[in-house]
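One line per chain: the protein sequences are A and B, in this order. Residue 0 is where the first sequence starts when you use numbering that gives the first Met the number 0, and the numbers rise one by one after that. Residue 0 is where the second sequence starts when you use numbering that gives the first Met the number 0, and the numbers rise one by one after that.
There could be a bad hint or two in this list.
[To be verified] Subject to a maximum C-alpha distance of 27 Å in a straight line, what follows is the list of computed DSSO-like cross-link-like pairs (lysine-lysine): (1) B/237 to A/6; (2) A/61 to B/237; (3) A/61 to B/385; (4) A/61 to B/354; (5) B/471 to B/141; (6) B/150 to B/41.
[Unchecked claim] Sample of chain A residues with no beta-carbon within 12 Å of chain B, all distances over it, derived: (7) 0; (8) 4; (9) 12; (10) 69; (11) 70; (12) 72.
[Stated by the list, open to error] Label-pair ranges, simulated between beta-carbon atoms: (13) B/216 to A/15: 20 to 26 Å; (14) B/62 to A/61: 19 to 25 Å; (15) B/518 to A/20: 52 to 58 Å; (16) A/15 to B/151: 39 to 45 Å; (17) A/20 to B/598: 39 to 45 Å; (18) B/416 to A/15: 56 to 62 Å; (19) A/15 to B/125: 33 to 39 Å.
Keep in mind the hints are simulated off the structure, nothing from the lab. Glycine included, every Cβ here is placed at the ideal spot set by N, Cα and C.
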Amino acid sequence: MRLSEVKAGDTIEITSLPNPIIRAQAIRLGIYEGAVIRCSEKINKGPVILQNRLQEIAIGHKLASQIIVEIITDHRSAKNEKKGPSLSYGYK
Amino acid sequence: MAAKKLVLAGNPNVGKSVFFNALTGIYVDVSNYPGTTVDISKGKYNDYEVIDTPGVYGVSSFNDEERVARDVILQADLILNVVDAVHLDRDLFLTQQLIDMGKPVIVALNMMDEVEHNGLTIDIPLMEELLGVPIIPTVAPKKKGFEALKKNLGQASTGNKIVGIKDYLAKYENTVDHASEALMILEEDEEIIAKYNVNGGTLRDKIYSQRRTRINNVIDLTLKEMALNISFKQKLSKWMLRPVTGVPILLATLIFMYFFLGDFIAQDIVGVTEELIMGTWYYEFIMSIIGPFFTEGSFFFELLIGESGLLTMVPTYVLGLLLPLVVGFYFLLALLEDSGYLPRIAALLDKTLTKIGLNGKAVIPMILGFGCVTMATITTRILGSKRERFIATMLLTLAIPCSAQLGVIVVMASSLAPQLTLAYVLTIIAVFVVVGLALNKLMPGESTDLLIDIPPLRLPRIGNVLSKTWTKSWHFLTEATPLFMIGAVLITLLQFFNILASIQNALAPIVVSLLRLPKEVTTPFIMGIIRRDFGAAGLFTLTEQGLLSPEQTVVALVVITLFVPCIAAALVLFKERGWKHAVAIWVGSFAIAFATGGLLAALLV
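Use the sequences and the hints to build the structure in full.
Here's what the structure looks like:
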């Protein structure tokens, strides 16, 4: 699915980024193919905010709709767990 | 022997300048980097030549800042890498890149006080061992760790490169002047590839992801998170981003700024500085000193202490009227910058700004534009495409009044009936929106998307805020004063030789017939070309003399707001946008200003 369809609270894995320039800029901020990361906020038809520890990244709607992701933990199941999943990526 | 070059490198907003100042003291040479608008500071510390670089996320050539940082880093003998300890995922990527370049590196792990507050612990000895470079924990505003840092500068070491990179680097070792350039070639840096005319690498993706994986491992091994309850800061951050709460918070912030600037500074403070200090005490003082030497009405009397005199009008406008407003604005701006609120506003307004062909990032030049269009036009460089830079610059020069001008406008608007103030505000907003929408429809190409890093919220540090305010206000004084003096001489000449009257008559069809204003308003319009706020100040004097009706005041305010950028802004405009775009913006803003003013005059006056 597309990153633009993700809901706040979902934990996702990034599977594809659109082009080399975006890839190079995003990887420095911790967004790369294979990264497991949580969507902390989502503005309707606006930016998606991804959070990794204290670091947050805002991605505009159009760019988000070009990024392909897979849901790892749904926001509903994340709510049911008390503490939520560990956010430190590197361990999947 | 030439001094060793110590280069400071780090991500944006990690406190690099505090380290630079602590090392170099006050004898600092700030110079423009050739071919860019990026300034580079140089200073001395013991035997080192210390050079600062612009904050970047990595060394490459995606924008001017990165190119400048890259060139300075390539020349370095050793690198002091300042790292934000609560932002390791982002910052260590650059650290590892510097290590891969083969430069001796020492890391200042800054903001250690916030690490504890956020429930984190970092195993520094282990991190040193993994990266292979010395790491000194610091808290920059409290100068904590600075002594240790200074003592250990000589310990900077080349560190552990990512696995396998050495073999790749060896391929270009004999081609390049600086060993570090080999890495740039491997990472597909077009400029370095062109410099040596070699076949470029195809390894950027591979090296970047290997570097990412390595950094993730280092962080996983050294950083421990303790479960903390969601802090107030994090809640506030969420409220700022969500439209339902974010829009009211933004409005409240703007209203607070309006009252601070428009009420407190523009009325209370300016009331004292302009009327009492400059208008009465200073005026009487200067008249009693200079007055006796010249007869009233003679050329030199007018030039020095006449209505537009160098010693009367210039200091009164600059110091009495505008300086308090400028200081007030830059104080608020420094608070916004330091708190980390700006990128959140960018994310909140991204959706809206997309409609006028910009992305959320454009909020930053727009807000800066309220300070000074000149600065803001330079800042449009952060926008991703020529198209966005053109749209943003057009809207900036057209519909964003600068702080000094805004202050004067606020004072004048506050004496108007509420519905007239509203008419002014709505007209400016309408022009902004209509021009933005039209440009987005008409301009070819596509705008880029938002991809920004949102730093944690911080309580602004007062020392930092004050020093930023001081630097920018001083810049205003040095930039504005000479232009005001030229303007004063020009206006006095025009007035003394009766040229002003002929210009007023020549422009009567526009000013009197189209805008339905008294012909005296031509003078502030001419002043406005010299500097926007100069024009607004001139208009202020006319209303004080009771020459304008409230309706006419609104028309004149609208025209002077939309009106051409001042000389300084126009110069930057030509430099930044090239002459074609600059002329389009210049003529365009003239046409729109008079058309809108004429329309409004027909409706109101």
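Consistency of the hints with the structure:
1. For the hint pairing residue 237 of chain B with residue 6 of chain A, the CA-to-CA distance comes to about 15 Å; that is within 27 Å, so the pair holds.
2. Restraint check for residue 61 of chain A and residue 237 of chain B: satisfied, since their Cα atoms lie roughly 22 Å apart, inside the 27 Å limit.
3. Proximity of residue 61 of chain A to residue 385 of chain B is assessed by CA-CA distance (about 19 Å); at most 27 Å being required, the pair is judged to hold.
4. As the CA atoms of residue 61 of chain A and residue 354 of chain B are separated by approximately 12 Å, the hinted pair is consistent with the 27 Å bound.
5. For a cut-off of 27 Å, the pair hint linking residue 471 of chain B to residue 141 of chain B stands: about 23 Å separates their Cα positions.
6. For the suggested pair residue 150 of chain B and residue 41 of chain B, the alpha carbons sit about 21 Å apart, so the restraint of at most 27 Å is met.
7. The claim that residue 0 of chain A is not at the interface with chain B holds, since no C-beta of that chain comes within 12 Å of its own (minimum 18 Å).
8. At roughly 16 Å, the least C-beta separation between residue 4 of chain A and chain B is larger than 12 Å, which holds for a residue marked as non-interface.
9. Every CB of chain B lies more than 12 Å from the CB of residue 12 of chain A, the least distance being 14 Å, so the non-interface label holds.
10. At roughly 18 Å from the closest C-beta of chain B, the C-beta of residue 69 of chain A stays outside 12 Å, upholding its exclusion from the interface.
11. Consistency note on residue 70 of chain A: stated as away from chain B, and its beta-carbon is indeed over 12 Å from all of that chain's, at 21 Å minimum.
12. Non-interface status of residue 72 of chain A relative to chain B is upheld: no Cβ of that chain comes within 12 Å, the nearest being about 17 Å off.
13. Here the CB-CB span from residue 216 of chain B to residue 15 of chain A is close to 23 Å, well matched to the stated 20 to 26 Å.
14. Roughly 20 Å separates the CB atoms of residue 62 of chain B and residue 61 of chain A, a value that falls within the hinted 19 to 25 Å.
15. Judged by the Cβ atoms, the range 52 to 58 Å given for residue 518 of chain B and residue 20 of chain A holds: they are separated by roughly 55 Å.
16. Distance hint check for residue 15 of chain A and residue 151 of chain B: the Cβ-Cβ separation is about 44 Å, which falls inside the suggested range of 39 to 45 Å.
17. Range check, residue 20 of chain A to residue 598 of chain B: about 44 Å between beta-carbon atoms, so the 39 to 45 Å window is met.
18. Range check, residue 416 of chain B to residue 15 of chain A: about 58 Å between beta-carbon atoms, so the 56 to 62 Å window is met.
19. Between residue 15 of chain A and residue 125 of chain B the C-beta distance comes to about 34 Å, which sits within the given range of 33 to 39 Å.
Consistency note: the structure conflicts with none of the earlier hints.
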